[in-house]
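Colleague: Sequence:
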Amino acid sequence: MLEELTEADLKPIPIEQLAERLKPPTFPTPAHERRHRKERLAAALRLFARFGFEEGVAGHITARDPEFPHCFWVNPFGVPFRHTKVSDLLLVDSDGNVLKGDHIVNKAAFVIHSSVHQARPDVVGAAHAHSLHGKALSSTDQHIEPLTQDACAFWEDHAVFEDYTGLVNDLGEGRRIAETLGQNKAVILRNHGLLTVGASVEGAAWWFITMERTAQAQLLAKAAGTTHQISPENAKATYAELGHEYAGYIQFQPLFEEIARDEPDLFD
1 MLEELTEADL KPIPIEQLAE RLKPPTFPTP AHERRHRKER LAAALRLFAR
51 FGFEEGVAGH ITARDPEFPH CFWVNPFGVP FRHTKVSDLL LVDSDGNVLK
101 GDHIVNKAAF VIHSSVHQAR PDVVGAAHAH SLHGKALSST DQHIEPLTQD
151 ACAFWEDHAV FEDYTGLVND LGEGRRIAET LGQNKAVILR NHGLLTVGAS
201 VEGAAWWFIT MERTAQAQLL AKAAGTTHQI SPENAKATYA ELGHEYAGYI
251 QFQPLFEEIA RDEPDLFD
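Using our numbering, you'd call the opening residue of the sequence shown number 1 and step up by one each time.
Simulated from the structure, these hints should not be mistaken for laboratory data. It cannot be assumed that every hint is accurate.
Claimed, not checked - In silico DSSO-like cross-links for lysine-lysine, where the CA-CA straight-line distance does not exceed 30 Å:
no. : residue 1 : residue 2
1   : K236      : K222
2   : K222      : K135
3   : K236      : K135
4   : K222      : K23
5   : K85       : K135
6   : K11       : K23
Input sequences plus hints: build the corresponding full structure.
Modeller: Structure follows, in structure tokens:
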């Protein structure tokens, strides 16, 4: 369709007007916010499947409930990420009881996520999966190094949990993971994988996606030859641009739009 323009049309649009659509939404009721978080949680699970992060029944993403903060929503045990809908999500309390839903909860999901949510009241979303490159990196003595621009999002903002003892079925281990995470956005679980958190579900999911890709880039770079790290001063400056909560929220938006258009059944 042809579009005619006149000189009168050639006026700068205020940046505030253009940026309005990128602002995190506000909600008239907790029910509206709950729906928003659950939709982003289901979308994140679909995206994790699309990126190949799913392996059997391993992996889980949670969203703290906005009205009852001692409870969180989580994907049901045994349901494929790629088929999970909003209506499938479970509401679980701090004792591991399923309050809403038709499935059981993954025990490791409860142990890890309940501990993280209790230790970090600021955390809304948390994500963990057995992604290939996260597992590979976790089996080495490495942390995320500032080798790429994207890696700088984790500059001095991730930890390493060294104490692998098997499947995470004990609340004591969940608490140790939360303690190691501290105030960071991510933790490498040695011999296990990656865990990320955020002040939104969007942020937690994006940090996981980009951390997995960063692990992949780091492993490839080190296999190819000598690596060159970004200087601490530039890594810190880049972190200030890429590593804050709003940056994680924004980065998730095009992915959400993509999966929402491709797989609208997730909203059922």
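Colleague: Are the Cα atoms of K236 and K222 separated by 30 Å or less?
Modeller: holds (22 Å)
Colleague: Holds or violated: K11 with K23, Cα cutoff 30 Å?
Modeller: Distance ~23 Å between K11 and K23 Cα, so the pair holds.
Colleague: Does K236 pair with K135 here, judged by a C-alpha cut-off of 30 Å?
Modeller: holds (26 Å)
Colleague: Between the alpha carbons of K85 and K135, is the straight-line distance 30 Å or under?
Modeller: It holds: about 27 Å lies between the C-alpha atoms, which stays within 30 Å.
Colleague: Holds or violated: are the alpha carbons of K222 and K23 at most 30 Å from each other?
Modeller: violated (38 Å)
Colleague: Checking one constraint from the list: CA of K222 to CA of K135, max 30 Å. Satisfied?
Modeller: holds (16 Å)
The structure shown violates just one earlier hint, number 4.
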